[in-house]
Structure formats: C-alpha cells, structure tokens
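There are 2 protein chains.
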Amino acid sequence: MFEDKLSVRAKTMKRSVIRELLKLTTEPDIISFGGGMPDPSLFPTQLIADIVQEVLEKEGKKVLQYGLTEGDKEFRQQLAKRYGRTEGIKLTEENILITTASQQGLDLVSKIFIDPDDIVIVGLPTYLGGLAAFNSYGARLIGIPLDDNGMQVDVIKEHLKQLRRAQRRVKFIYVVPDFQNPSGVTMSIERRKKLIEIAEAYDILIFEDTPYRELRYSGESIPSFFSLAPRGRVVSIFTFSKILFPGMRLGYIFGDKEIIDKLVIAKQGTDLCSPAFTQAIVREIMKKDLLDGHIQKLIVRYRDKRECMLAALERYMPHDREISWTRPEGGLFLWLKLPEHMDADEILQRALKKKVAYIVGSAFYCDGSGKNTIRLNFSYPTFELIEKGIKRLGELVREEIK
Amino acid sequence: MFEDKLSVRAKTMKRSVIRELLKLTTEPDIISFGGGMPDPSLFPTQLIADIVQEVLEKEGKKVLQYGLTEGDKEFRQQLAKRYGRTEGIKLTEENILITTASQQGLDLVSKIFIDPDDIVIVGLPTYLGGLAAFNSYGARLIGIPLDDNGMQVDVIKEHLKQLRRAQRRVKFIYVVPDFQNPSGVTMSIERRKKLIEIAEAYDILIFEDTPYRELRYSGESIPSFFSLAPRGRVVSIFTFSKILFPGMRLGYIFGDKEIIDKLVIAKQGTDLCSPAFTQAIVREIMKKDLLDGHIQKLIVRYRDKRECMLAALERYMPHDREISWTRPEGGLFLWLKLPEHMDADEILQRALKKKVAYIVGSAFYCDGSGKNTIRLNFSYPTFELIEKGIKRLGELVREEIK
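Protein chains in written order, with this note's numbering: chain A, -14 to 387; chain B, -14 to 387.
The reader is advised that the hints may include incorrect statements.
Intra- or inter-copy, both count: the list cannot distinguish identical chains.
Under the rule of at most 30 Å between Cα atoms (straight-line distance), these lysine-lysine pairs were calculated in the BS3-like manner [what the hints assert, rightly or not]: (1) K387 x K373; (2) K273 x K47; (3) K58 x K(-10); (4) K272 x K46; (5) K373 x K339; (6) K43 x K272; (7) K322 x K142; (8) K47 x K376.
Since the hints were derived computationally from the structure, they do not count as laboratory data.
With the hints as constraints, model all of the structure from the sequences given.
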C-alpha cells in the first residue's frame, strides 16, 4: 500500500550491514569481531548511578525539561576547555553543537551541505555510517585509495583537476584521520598538511571524523585537522561512544560559529534537542575530572587486547604472502586482507557456522570493491574469545586456501 | 567561506520561532506562555533516581552499550500491550520504532516519503515542528482551514479533485486530531471517519501526531485514526515529552511492519539507535505500572490550570466580539484570536517589554496568515503566573484596541 509513495531516497536506502550483523551476533555462542562496541566490563555503572542521584537532586527540574538545541551550555563549555587543553585550540561554546553521537553529526552535516548529485570525496575504504549518511542525501561518492599513511592525497588532486575541468563542484572531503575505521590506518602529518593545502587551493571543506583519536596505544599523537587548518576550513565530529559508553548516544560537532548556527537549525527540525538528562551526566563526569582517568583504563585494556589479537593472528593465520593485516597504533579495529580471489562475503556464511563473525570489508568501499578484506574488532570480545575466535577464523581461511 | 557550499535545503531553513523564544524566556522575570513545556514540579525525580540505580545494577552492561535501531524489545512490547489496553488495537513490537521524541518521528516519516515538490496536506494552523520537518525535505504544503470540529474535510476533497486533474501526487495528510497544537481543537468522530474514507478513495496515507491524546480534562475520548482506519493507512507518532518528561527525548512510531522497516533503515543513517539507557528507565516506569497514575496527576493539575487561564481571560481580556479563545478539552494550549487588524508579531515586542511572552500564531500557518492569533500555554506557568501574565496581556490588548 505504501511502496509507491516512498521517496527516491527511501527506495534506494540499504540496511546497515553492521546493524544487521549486530542482531545476529546477540546469539550467545557466536564469537563476534563485528560491531565497534566498547568492552562493557569497563562501564562505570556505580559512578553513573551516583551522578544521576546528585544531578536529579540538584537540577531535576532542569534536566528533565526541554533543553537548548545547541546543548547544555556548561557541557559545551567543559568540552571547549578540554579541547583547549588537549589540542591547544581556543574554542567557545558557540563553536559546539551537542548531537546524538557521531551518526547524527554525519547526518546533520550531510543535511546542510549535500544536494542530490553533489560530489563527496571519501576513503577507499571508509566508515560505512558515513557512506550511508552521504548516500541518503543523494551524494555522488568518489573513493580515494589508502596506503599506510592514509588517503593518497595526490590521487585526490588528480580528481579535483578533472572535476574542475568538468565544472563539477565537490562539497567536502570526508576523513577519519586517526586509526581509521575500518583500516586502522593513521594519516601522517605530511599528508594532513598537504590535504589542507589542496582543500584551501580548491576551496573545499574538510569533514573530520575522529571517534578513536584519544584511544592511542603506541606512537606519538598527530595534530588534528581541526587544529592544523585555518579557521572555517574544517568541521569535526566526535562521540562519547568509544571513550565512555554508547548507551547515552552523545557526541558533538566543532565548527565555525556560522556553520554551527546552520547545524542548529537543521537539528531543530530533526529532533529539537538532545536529552538534557544524559548531557548533565556526562558533563558531571568531566567536571569531576574523571574522563581522562577512564580513558587511561581503556587504553591499557585495549592495548592488551590488540596485542592479544595480533599474537593470535600470528599463531593461527596461514603464513602466506597474500594474507596480511594492519597493526594499528590505536582505535578498535584490525584490517585483514585475504588472497585476491577470496570473497569475505561468501566465507561469512561458513564463518557463522563455525560460530565466528566479522564485518565484510566491501561494506566500507563505496565502489563495491574490497571483497577480500575483513574488519576485526578487538575491543568487545574477551581475551579468551579473541584467542578462540581467531583460531576458528584461521582454520577457516586455511580451508579456503586449499 | 562555507555559504556557497550549503545545500538548497540549508539555504531556505528557518530557525524555529519556538526554540528561539524559549531562549529568550529563560530570563527569570518574563512570564512565558510560549513553549509547550510540562509543569516541572510534577517530574518524578526520586522515582527516576531509584529506577536508574536498579537498572544499572541489573543490566548496566546492556543499557550502556549500543542497542537495536528498532529500540529495546521489551520496551516496545510494553508499548504494544499498553496500546492494546487503551485503544483496543492489537500490535506487536514489530509495529513500533523508538525515536528521539516526536520531532524525530516527523523527520523520519518525512525522510522516507517526501521528495522535493511532493504535496503534503496540513491544518491551517498546524504544529510548526511538522511544518519545519516537511519543508526541510522540500514538500509543497497545502493548508486546510480548521473549524470547531477540526480540519474541514470537504475542503480537502476539493483540493484532491483538483490535484488529481493536474496529476499531482499527495504524499500524506498530516493530522493532530486531539487537542491540536496550536488551536486546542479536537477532530470529531464524523470528520475522522470521513477523512479516512477520502484517504482510502484517493489512496493517500494519514500521518497522525497525537502528543496530548492522553491529557483529556473533560468530554469523551474519540478513537484514534490508527484504531479507526484499515491497517496500513495510518502512521502514528507519539512522545513521552508531555505525559512523562521531555528531558529524555523519547517517543515512538506505530505503523505497518513494512513501513517500520523502512523507518528503521532511515534511522540507521540518522543516529543508529536511541539510548538504551533512557529507554530502560521509561520501560521500568511502565512495567511498575506507574505511568497511568502519573498521567492522572497531570490531568488534575492541568485541568485546574486550564480553568485558571480561562477564568483569567474572562476577567482581563476586553469583552469585544472580535476577541475570542478556544476552550480545549485537553492538551496544553489555548488559542486566542485578536481583532483582524492586529498583528501579534508586532505586539510581541511590546509584550516582552511588559514581561509577558507568547507564540505568534502565524508561525503555525504554512501560508503566513493567522497574524492576529496567539498560542497560550497553560501547563508550564504556575497558577499565580497565569493570573499575572494574562492580566498583563489583557492590559496590552486593551491598549492596542484604543
């Protein structure tokens, strides 16, 4: 009855591979390397209960009421202060919009910039939630291959030259510079600077998405695009999902005051405002200066889990020069490359029979390539399950090679 | 730097009058009849603190993690059960999607149905959050005048005949049937049945928005569109903002399984999922069977406040046959009509000087008419402030008449 009434957008929308797989992997005996879920044993549950009691006593009437679309003012001030400390950038609350985690950041930025057929430049691969958001507004995506230093900026330049000749407009370049999802690759400082130069020369916005930036387990931190580029060139989105918990769905956008202003109007039409209740909880965690300590705990745990997964891959994966994986300095994911002729999508069915799950790499390629790649999450499963699951996966790959 | 890159949508987006006015009215000495805020003195703060403690103890790892896009399964089952009891309709959790209150319902339904230039039929006046959502997807709006029995269905029929001749497609008819925002008018049962007949004959969806349905202070409840119409004809959105609290931003959509399925995909790209944490809190309030009792408390309070405002209007408004107001049987608003030559927008500046605020009625008219109308909220201000504020407003109107 309703199919003929759907918008063009709705007719072409596809279910998120990850969300669907997450459903499947709630079966308790499947070891899942899918999803990007934090380790739930580190959730600070008692702290939250205490803070809720306090917040409701002190400001119950305020936090249960409607709030500003921009988000709680003191919360935004805390965020500005913290960013000043960690990244050396001066911001005020007027540069910040609170969102329903980073997915809403992706949606709102798309909403204010993308008209159907506008061009957006993305990594090949890149985060599929980004691809879904851009696609839902009718963007035409151009994928740029990654190497060990991130997106190949020279390839971007070539595309831009051609597009300029064809008088086609590029709306923005989407980057996940730190421990990229899905590849785990971090963009080098040289590449970042070069990309900013190109964006300035061609007058294109850079859309920075850095959910894992603070989860670095080794190596030196590289300045963010937001701190490197001239003011107004970059819009950045962040989330508390990975550094605190996903269950309150809180994130934020940094940008020029005027861009934030447009995003606020877009959010008014989308959901009026984010919950004052959950904003107050996270704000108090920051005010009590407990966020950094919590992140330190995550770093210690996830570093060990990364080591555990790398060791298991070393032990159980066939030693074949066509099989390789990344050794990311942070984040939540390893990226596994199988021999060219293998199809991770097809193998997944057999993997599920062996009770192990992963995300097929092709989901992250806007051109449908990457069939022989796999994203592996190491933050969620226990050490024991990482070992067991990689063993199962190693056996499977061995069988497939034969 | 970014203005030339904005989408067509963003260039035409307007700030919500209400959200902007809300900001203004946080000044403590202004008496505000703007907004649609619940009475904060009735928020069940201690109950929430207790439930949070319990939820975090029992299921902290689950509620702080990512959840299903559809929403918490048990929460949806509770909602289906409750609706079966109150409206006599059999639903399952597959007919329900949890949203960020009703504004996200408006946005998601627009997202899956509206292509630029599609026609949407709305009330004249109607809820401005609906207008904002439909406009943001490029809808062309046709406004239908209201009388004491709601939207004039005969006028709709005339429009549909003409549109059919012009081969123009109508995507849906948007109705706020119970204690409509802003007018307070309730659509009669005859009108509802007639509208369903027309929607069937012309094969058009009905989009029902009923945030105040359970807040009835007098008269008999009238069956909802969702319960009256054949399955699949109606999509309904609901919110906990008015019957519990707005500060957790929770609402839901009822619809055919296939429509819910499309909405789920749209939500995946928009914000992945609503917070498992806040869903668990409201679910527990329902499971403990505390929601109905809370609504009863609201009804008693708001009924008294409605009486208080009606009495104050009677007392302080000039007795002039060009001045009238509605006497709604429920909801949060009265609708005041001033003499035709008056402009409520202009008068607002003088009202603010007198420290009283309201929402200009024209914000609710898709054709920009209604300049001489005013929406007055009676749920938020105290009895004392209702009396005082209406007195100020009455004085102002008296001055304007002279």
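Hints, one by one, checked against the model:
1. Only within a single protomer do K387 and K373 lie at most 30 Å apart by alpha-carbon distance; the minimum there is 22 Å, versus 85 Å between protomers.
2. With identical chains, the CA atoms of K273 and K47 are at most 30 Å apart both within one copy (20 Å) and between copies (25 Å).
3. For the homomeric pair K58 and K(-10), the shortest alpha-carbon distance between copies (28 Å) is at most 30 Å, but the shortest distance inside one copy (41 Å) is not.
4. In the homo-oligomer, the alpha carbons of K272 and K46 lie at most 30 Å apart both inside one protomer (20 Å) and across protomers (24 Å), since each shortest distance falls under that limit.
5. Taking identical chains as interchangeable, the C-alpha atoms of K373 and K339 lie at most 30 Å apart only when both belong to the same chain, with a minimum of 11 Å there against 72 Å between chains.
6. Taking identical chains as interchangeable, the C-alpha atoms of K43 and K272 lie at most 30 Å apart whether they share a chain (15 Å) or sit on different chains (27 Å).
7. For the homomeric pair K322 and K142, the shortest alpha-carbon distance inside one copy (27 Å) is at most 30 Å, but the shortest distance between copies (61 Å) is not.
8. For the identical chains of this complex, K47 and K376 are inter-copy neighbours only, at 27 Å across copies versus 52 Å inside a copy, given an alpha-carbon limit of 30 Å.
Hint compliance for this structure: every hint is met.
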